[in-house]
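Asks: Below are the chains, spelled out letter by letter.
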Amino acid sequence: MVEQSIGKSVLRKEDLRFITGNGRYTGDIDLRGQTHGYFVRSPYAHAVVGEVDTSEARSMPGVVAILTGKQVAEDELGGLPCGWMIHSKDGSEMKQPLHPVMAATKVNYVGEPVALVVADSFDEAKNAAEHVSVDYEELPAVVSTAAAQSGPDIYAEAPGNTCYQWELGEKAATDAAIEGAAHVTRYSLTNNRLIPNALEPRAAIADFNRGTEELTLYTTSQNPHLARLILTAFVQIAPEHKLRIIAPDVGGGFGSKIFVYSEETALAWASMKLGVAIKWTAERSESFLADAHGRDHVSDAELAMDEEGNFLALRVKTTANMGAYLSTFASAVPTYLYGTLLAGQYKTPNIYVEVDSVFTNTAPVDAYRGAGRPEATFLVERIVDLAAKELGVDPAELRRKNMIQPADFPYQTPVALEYDIGDYEVSLNKALEMADYAGFANRKADSEANGKLRGIGLSCYIEACGLAPSALAGALGAGVGLWESGEVRVNPTGSVTVLTGTHSHGQGHETTFAQLVASRFGISVDDVEVVHGDTGKMDFGLGTYGSRSLSVGGSALSVAADKVVEKGRKIAAHLLEGDVDNIDFEDGEFRLKESNRSKTFQEIAFAAYVPHDYPIEELEPGLAEKAFYDPVNFTYPAGTHICEVEIDPETGVTEITKFTAVDDFGTIINPMIVEGQVHGGVAQGIGQAMLEQCVYDESGQLQTGSFMDYCMPRADDLPNFTVGMTTTVCTHNPVGAKGCGEAGAIGSPPAIINAITDAVGVRDISMPATPEKVWRAIQEQRA
Amino acid sequence: MYDFNYHKPDSIDEAVQLFLGAEDGIYLAGGHTLLPSMKQRLAAPTDLIDLAGIDSLSGIEDVGADLEIGALTAHDEVATSSVVQSGIPALAELASLIGDAQVRNRGTIGGSVSNSDPAADYPAGVLGLGAEIVTNKRTIAADDFFTAMFETALEEGELLTKIKFPKPESAAYVKFPNPASRYATVGVFIALTGSGVRVAITGAAPSVFRSTDMEKALNSEFSVEALEGITLDAGEMNSDLHATAEYRAHLCTVMAKRAVLKLL
Numbered sequence: 000m001v002e003q004s005i006g007k008s009v010l011r012k013e014d015l016r017f018i019t020g021n022g023r024y025t026g027d028i029d030l031r032g033q034t035h036g037y038f039v040r041s042p043y044a045h046a047v048v049g050e051v052d053t054s055e056a057r058s059m060p061g062v063v064a065i066l067t068g069k070q071v072a073e074d075e076l077g078g079l080p081c082g083w084m085i086h087s088k089d090g091s092e093m094k095q096p097l098h099p100v101m102a103a104t105k106v107n108y109v110g111e112p113v114a115l116v117v118a119d120s121f122d123e124a125k126n127a128a129e130h131v132s133v134d135y136e137e138l139p140a141v142v143s144t145a146a147a148q149s150g151p152d153i154y155a156e157a158p159g160n161t162c163y164q165w166e167l168g169e170k171a172a173t174d175a176a177i178e179g180a181a182h183v184t185r186y187s188l189t190n191n192r193l194i195p196n197a198l199e200p201r202a203a204i205a206d207f208n209r210g211t212e213e214l215t216l217y218t219t220s221q222n223p224h225l226a227r228l229i230l231t232a233f234v235q236i237a238p239e240h241k242l243r244i245i246a247p248d249v250g251g252g253f254g255s256k257i258f259v260y261s262e263e264t265a266l267a268w269a270s271m272k273l274g275v276a277i278k279w280t281a282e283r284s285e286s287f288l289a290d291a292h293g294r295d296h297v298s299d300a301e302l303a304m305d306e307e308g309n310f311l312a313l314r315v316k317t318t319a320n321m322g323a324y325l326s327t328f329a330s331a332v333p334t335y336l337y338g339t340l341l342a343g344q345y346k347t348p349n350i351y352v353e354v355d356s357v358f359t360n361t362a363p364v365d366a367y368r369g370a371g372r373p374e375a376t377f378l379v380e381r382i383v384d385l386a387a388k389e390l391g392v393d394p395a396e397l398r399r400k401n402m403i404q405p406a407d408f409p410y411q412t413p414v415a416l417e418y419d420i421g422d423y424e425v426s427l428n429k430a431l432e433m434a435d436y437a438g439f440a441n442r443k444a445d446s447e448a449n450g451k452l453r454g455i456g457l458s459c460y461i462e463a464c465g466l467a468p469s470a471l472a473g474a475l476g477a478g479v480g481l482w483e484s485g486e487v488r489v490n491p492t493g494s495v496t497v498l499t500g501t502h503s504h505g506q507g508h509e510t511t512f513a514q515l516v517a518s519r520f521g522i523s524v525d526d527v528e529v530v531h532g533d534t535g536k537m538d539f540g541l542g543t544y545g546s547r548s549l550s551v552g553g554s555a556l557s558v559a560a561d562k563v564v565e566k567g568r569k570i571a572a573h574l575l576e577g578d579v580d581n582i583d584f585e586d587g588e589f590r591l592k593e594s595n596r597s598k599t600f601q602e603i604a605f606a607a608y609v610p611h612d613y614p615i616e617e618l619e620p621g622l623a624e625k626a627f628y629d630p631v632n633f634t635y636p637a638g639t640h641i642c643e644v645e646i647d648p649e650t651g652v653t654e655i656t657k658f659t660a661v662d663d664f665g666t667i668i669n670p671m672i673v674e675g676q677v678h679g680g681v682a683q684g685i686g687q688a689m690l691e692q693c694v695y696d697e698s699g700q701l702q703t704g705s706f707m708d709y710c711m712p713r714a715d716d717l718p719n720f721t722v723g724m725t726t727t728v729c730t731h732n733p734v735g736a737k738g739c740g741e742a743g744a745i746g747s748p749p750a751i752i753n754a755i756t757d758a759v760g761v762r763d764i765s766m767p768a769t770p771e772k773v774w775r776a777i778q779e780q781r782a
Numbered sequence: 000m001y002d003f004n005y006h007k008p009d010s011i012d013e014a015v016q017l018f019l020g021a022e023d024g025i026y027l028a029g030g031h032t033l034l035p036s037m038k039q040r041l042a043a044p045t046d047l048i049d050l051a052g053i054d055s056l057s058g059i060e061d062v063g064a065d066l067e068i069g070a071l072t073a074h075d076e077v078a079t080s081s082v083v084q085s086g087i088p089a090l091a092e093l094a095s096l097i098g099d100a101q102v103r104n105r106g107t108i109g110g111s112v113s114n115s116d117p118a119a120d121y122p123a124g125v126l127g128l129g130a131e132i133v134t135n136k137r138t139i140a141a142d143d144f145f146t147a148m149f150e151t152a153l154e155e156g157e158l159l160t161k162i163k164f165p166k167p168e169s170a171a172y173v174k175f176p177n178p179a180s181r182y183a184t185v186g187v188f189i190a191l192t193g194s195g196v197r198v199a200i201t202g203a204a205p206s207v208f209r210s211t212d213m214e215k216a217l218n219s220e221f222s223v224e225a226l227e228g229i230t231l232d233a234g235e236m237n238s239d240l241h242a243t244a245e246y247r248a249h250l251c252t253v254m255a256k257r258a259v260l261k262l263l
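Protein chains in written order, with numbering that gives the first Met the number 0: chain A, 0 to 782; chain B, 0 to 263.
None of these hints come from the bench; they were simulated from the model.
None of the values given here were measured: they were computed from a predicted structure.
Wrong hints could be hidden among the right ones.
[Said to hold, decoys possible] 25 Å max Cα-Cα, derived BS3-like pairs, lysine-lysine:
no., chain 1, residue 1, chain 2, residue 2
1, A, Lys88, A, Lys105
2, B, Lys261, A, Lys125
3, A, Lys451, B, Lys261
[To be verified] For each label pair, taking beta carbons as the anchor points, the in silico distance ranges come out as:
no., chain 1, residue 1, chain 2, residue 2, range
4, A, Glu654, B, Ser36, 30 to 36 Å
5, A, Gln702, B, Ser81, 42 to 48 Å
6, A, Ala437, B, Ala147, 53 to 59 Å
7, B, Ala147, A, Ser705, 31 to 37 Å
8, B, Ser36, A, Thr656, 38 to 44 Å
9, A, Glu307, B, Glu245, 41 to 47 Å
10, B, Glu245, A, Pro60, 51 to 57 Å
11, A, Met707, B, Asn218, 53 to 59 Å
Heads up, the beta-carbon is just placed ideally off N, CA and C, and yes, glycines get one too.
Let the hints inform the model, and build the full structure from the sequences given.
Replies: Next comes the structure, spelled out in structure tokens:
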């Protein structure tokens, strides 16, 4: 009998190849006769594009062709679409200016592609690109999120640079509750703009075969099928059945590789036009300029309470920066992934949120680890903390008092979601205990004796994962369904090949999914191979984002595995000469009840493929099943993060002395992988809270365009993490899982800022809380 | 990176001749500033003269009153050298704080000092210790060497061959790193020498400089308190995304106090 592996920290199957340098990333792939692409990019944030003179560049060594935005327009390629329609409160559709594959008439952010140089080598392409001469007529740039609506207008069709003005919740009831409240806490905040910086930059090879008329695009994608759908149906590059997208090993995404970008699309188009394979790998500088950025909100919030501190209403007004164009899912991030989360873990009866999304002359902004939910959580968990300080009550107790209780589930929030299950107080209590919250006063006294400041901060977060019930998503404006596909192919010898429509780019699916399927069949994890990332191999799938892979993709596999077992029972019934209702499957064996007769999983697999003694009239041979799983609800991971800091008041340098994360992710397949996801997420949260800031100057030039100026968190910036779990099993998917990929980045930033402001004794310090900002806050507090 | 001619001479003379014969030549030591600049096409020399083949440029020697460190000596060699650790421990510590392990294994003292990056660590040690910069032509006092941002007294083609560090009575270096680049936002090197206290500050201003105010105060009384009330002129300081001039001026005093504290 093979040991059941669910809940065990099985070492990651994929790590051998990664650690030994045997991974196969897009950059590792070279095709015979391939050429290389290099993009000519706009040096201006906003300019009219005049003549593009390629004559000199075309005559340079190795140049195959130079294609421009004007040719894109002549070929009538469609624009890059945004897949989620948002309606403004007046019912009008969001403004969606053309997002061209390459700019033909006007550029709208620094780094926007205007031409593609194709040459025999990368260096030749880059050399020639420097000799493409573009006439630009510079226009005034709109950069600031807060000031975007006061113009000048970037697009005639979007007056006031406004994409949409969205609302959610009951305005009148919320206004009335705030009007009559005993206490109202007010908070204005900026959620800082971030640059994702996956370790592997974006890369692609487009390979058009003139004989088969098939285009293969190798690319760094989190969702190859979605990329194929967009390239086919919207950009109209090639028919869907003639377009194969392969996303091989991918070195991190964090959201930034969900989207269909100009570069990969231009490469596909150019390969078909020229009949050659073209490879492009972004240089790091290009990643900074042209990967979709994250966050970038400014908000005003008001939280109303009664005399006892019971939350009565929350009113929020947010301006969200979309950048120059609507990226693939940009419109959904500050709306249905943000406004819907403003209830947090609390029974706030009235919530109303307005979101104005604006265009600016900056890189497009889209989903980045957490996508809307970190912004919502930061707002809620900061204003709750401020309320506790204003009321003079313990922040943990104010939270506890307002929490949704286990008996309240399913709980309908005032902002559209129905939470299925949770036990928030259990997570809070466990986190308080693990963080030794009770002992904080003593530690603070010790710090003060050493001339240091000490603070502690909490964050009780919730998120919505497992995107998503297709009908609900469709009703809210999604352009696609959000189910997932899975196929379980049992091989004749009883090993199993699993195909999933999700994509692993660091998450460890090859291990987690293998554990899931191996456990169902009672076979070894080593006997299960997980295949993903190739539209030529597996059924259509929706990919990996929104912490959906296990809860949706894993559920599809679970259903498919059940179908395999069902068929196996029928085969076993025939072989064991019993009734199918009397066949049990357990620990890898099909057993006939009340007998000592049984067949192993492997024997049944063999019988299915060598059907000599087989119920062939009733049952097809073979043992492979697939499932398309559409979730009935979102999943709701939740938990409590507690951060404790010590600050050097002379410099403002903040050290995180302890970070405690207690999360409820539902059923856990591999605790080691889950803990790793928490570590990575919290590291990114610490990055946002203390280190990272994307800065454009007034003319729209990116000031933080390299790691010299953009501060990514490094190991020595981080504390040891104290991680704990509590579990309430998701009620509506067969795995019971909720998702864990984003929680760390969602829960941690407010805990950190709550801790720092607690230490300094000020209301607010904006993110990132750099040493200088903290030092200045200390000076002001002491003045 | 643009194409360039690559040379690997095995003597100082040959290196200098290659430089003088090149249209736009440049010496390559550890390459930690030069090569990234070339990759970004911000630098485009016609000829790269790799000094790695010149054995006489490497090595650390204790010559009694001085430590002599060859131009091509890597930061890690300085950081881990028992000769430096016993002769001028503050210099070994400074080297250990440069960049990261990869940088310290390739970057060289001669490259760093010749480059005169306003945020580099070594210039603080060189100026703070009152070192002498030896070139293929002459010896230059540290006080005369660093002339401006990325500029030194080195003439066209002149090659820094070694640096002579007089051993101080004691010395200390305290650094406030830029969180992103790990260069010095402010680095203060304080040395007690036979001729008094020297205070050299890097990172804060366009070029490394000595604070005469701090030196005067510390020469009259070597204590943390002596630095109370000394605030450098923010008008002379760098200001960027990471630190305003005012904050840098403040950090100069804080880092200087901490350096003094290490020496008490």
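Asks: Regarding Glu245 of chain B and Pro60 of chain A, is the given constraint of 51 to 57 Å on their beta-carbon distance met?
Replies: holds (52 Å)
Asks: Do Ser36 of chain B and Thr656 of chain A keep their Cβ atoms within the hinted range of 38 to 44 Å?
Replies: The hinted range 38 to 44 Å holds for Ser36 of chain B and Thr656 of chain A, with Cβ atoms some 39 Å apart.
Asks: Could you check the hint for me, namely that Gln702 of chain A and Ser81 of chain B are 42 to 48 Å apart, CB to CB?
Replies: At 44 Å between Cβs, range holds.
Asks: Between Ala147 of chain B and Ser705 of chain A, is the Cβ distance one that fits in 31 to 37 Å?
Replies: violated (24 Å)
Asks: Between Met707 of chain A and Asn218 of chain B, is the Cβ distance one that fits in 53 to 59 Å?
Replies: Since the Cβ atoms of Met707 of chain A and Asn218 of chain B sit about 37 Å apart, the hinted range of 53 to 59 Å is violated.
Asks: Holds or violated: Lys88 of chain A and Lys105 of chain A, Cα atoms, limit 25 Å.
Replies: Given pair Lys88 of chain A, Lys105 of chain A is violated - Cα atoms ~30 Å apart, limit 25 Å.
Asks: Is it true that Glu307 of chain A and Glu245 of chain B lie within 41 to 47 Å of each other by Cβ?
Replies: holds (45 Å)
Asks: In this structure, is the beta-carbon distance linking Glu654 of chain A and Ser36 of chain B contained in 30 to 36 Å?
Replies: At 34 Å between Cβs, range holds.
Asks: Measure nothing beyond the straight line between the CA atoms of Lys451 of chain A and Lys261 of chain B; if it is 25 Å or shorter, mark the hint as holding.
Replies: holds (19 Å)
Asks: Taking 25 Å as the top limit, are the C-alpha atoms of Lys261 of chain B and Lys125 of chain A close enough?
Replies: violated (52 Å)
Asks: Could one say that the CB atoms of Ala437 of chain A and Ala147 of chain B fall in the range 53 to 59 Å?
Replies: Since Ala437 of chain A and Ala147 of chain B have Cβ atoms about 57 Å apart, the given range 53 to 59 Å holds.
The structure does not agree with the numbered hints 1, 2, 7, 11 stated previously, though it agrees with the rest.
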